[in-house]
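In order, the protein sequences belong to chains F and R. Here the first sequence is numbered in the numbering used here, starting from 1 and rising by one per residue. Here the second sequence is numbered in the numbering used here, starting from 194 and rising by one per residue.
What the hints contain is simulated information worked out from the structure, not anything from laboratory work. Be aware that a few hints might be false.
Derived lysine to aspartate or glutamate pairs resembling EDC-like cross-links, with alpha carbons at most 20 angstroms apart [said to hold, decoys possible]: (1) R/252 / R/224; (2) R/252 / R/242; (3) R/252 / R/262; (4) R/270 / R/224; (5) F/118 / F/91; (6) F/118 / F/73; (7) F/85 / F/68; (8) F/98 / R/253; (9) F/85 / F/70; (10) F/98 / R/242; (11) F/98 / F/70; (12) R/252 / F/73; (13) R/252 / F/70; (14) R/252 / F/68; (15) R/252 / R/269; (16) F/98 / F/31; (17) F/98 / R/224; (18) R/252 / R/236.
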Amino acid sequence: MQHSINLTCIRYRLRPVALDDAPFIVALRMDPLLNRYLHEISPRVVDQISWIERYFLRPEDYYFIVEDADSGEPHGAIGIYEVAKDASGAEWGRWILKRGSMAALESAWLIYEVGFSKLQLTSLSCRTLVDNPGIVSFHDSFGASRIAVLERHFIVRGDTRPAIEHRINVAEWPVLRARHYCTVSRLARRAYQ
Amino acid sequence: MTRSQIQAAVVELLSITVGRPIAPSESVTRDSEPSWDSLKHVELILMLEEQFAVQFSEKEMAALRSSGEIVQAIEEKNAT
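Could you put the whole structure together from the sequences, leaning on the hints where they help?
Take a look at the structure:
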């Protein structure tokens, strides 16, 4: 949907995806190092533009660009979707950051903040391919609880693979929010020194 | 600080990061240790910076992918 949510943490911010972002998204999704654990997409920018146009028409789907808060340089993309009708929960994903980006922690923090503070959700889940242990571990380290193993959940390059579902509930967020904000602040302080 | 002292301190902090004891002679890489994820990497770097009174640029942080590279980087920073 064409939402208007913008949110800044310290060094990075989330802003709504625009049609102009299509080349950047395609470039990210075509990077073989970054797309190993993601659904394949068309390499054509026009197809990505069509996808974004269809996304604009889908209600309760919030797709963002992760960008440097000072320079506006794009670092990646992330989204919230599958929002329950009663706003009791949603899924987040489509998470991809360019090589060498340090926006992982801040962008994860931001997406939970959007979900809980802006969208008033009661829980946020994410599903990660089991073959992507670094990201599974990231969610564990972030403080999300493992909820389920979803067999045959992802189709990656024609192969059906299981996913691990993690979840954070709104009641857990204030403690995690403060903990990770502290790390983000320390990291940012160094960058500005 | 000698190389072996740096190595011992790095191994200690890395053991905390990956959640298991690491032998001083063991070579640990981010690729071989899935629990050394990007969040824990940031936390590790902040601990290393505090412990050794050094600072890594973001480019350096991203490039540090093994215990050996970390030890070498700290040695180089201490030498300058």
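_Agreement of residue 98 of chain F and residue 31 of chain F with the hint, judged by alpha carbon distance not exceeding 20 angstroms_ = holds, 9 angstroms
*Sort out whether residue 70 of chain F lies within 20 angstroms of residue 85 of chain F, counting only the CA atoms.*
violated, 36 angstroms
*Given the hint that residue 252 of chain R pairs with residue 262 of chain R, does the C-alpha gap stay at or below 20 angstroms?*
holds, 13 angstroms
*Distance restraint between residue 252 of chain R and residue 73 of chain F, which requires alpha-carbon spacing of 20 angstroms or less*: holds, 16 angstroms
*Below or equal to 20 angstroms on CA atoms is what counts here, so check residue 98 of chain F against residue 70 of chain F.*
The given pair, whose Cα atoms are some 17 angstroms apart, holds under the 20 angstroms limit.
*Decide if the proposed pair is consistent with the structure: residue 252 of chain R and residue 68 of chain F, CA atoms, cutoff 20 angstroms inclusive.*
holds, 15 angstroms
*Below or equal to 20 angstroms on CA atoms is what counts here, so check residue 118 of chain F against residue 91 of chain F.*
This hinted pair holds, its Cα atoms lying about 15 angstroms apart.
*asked:* For residue 252 of chain R and residue 224 of chain R, compute the direct alpha-carbon distance and say whether it is at most 20 angstroms.
replied: Given pair residue 252 of chain R, residue 224 of chain R holds - Cα atoms ~18 angstroms apart, limit 20 angstroms.
*Is residue 98 of chain F close enough to residue 253 of chain R, meaning Cα to Cα at most 20 angstroms?*
holds, 16 angstroms
*asked:* What's the verdict on residue 98 of chain F and residue 242 of chain R, does the C-alpha distance respect the 20 angstroms limit or exceed it?
replied: Violated, at roughly 25 angstroms.
*residue 98 of chain F and residue 224 of chain R: Cα distance at most 20 angstroms?*
holds, 18 angstroms
*Compare the distance between the alpha carbons of residue 118 of chain F and residue 73 of chain F with 20 angstroms, and conclude whether the hinted pair is satisfied.*
The given pair, whose Cα atoms are some 24 angstroms apart, is violated under the 20 angstroms limit.
Of the numbered hints given earlier, the model fails hints 4, 6, 7, 9, 10; all others are met.
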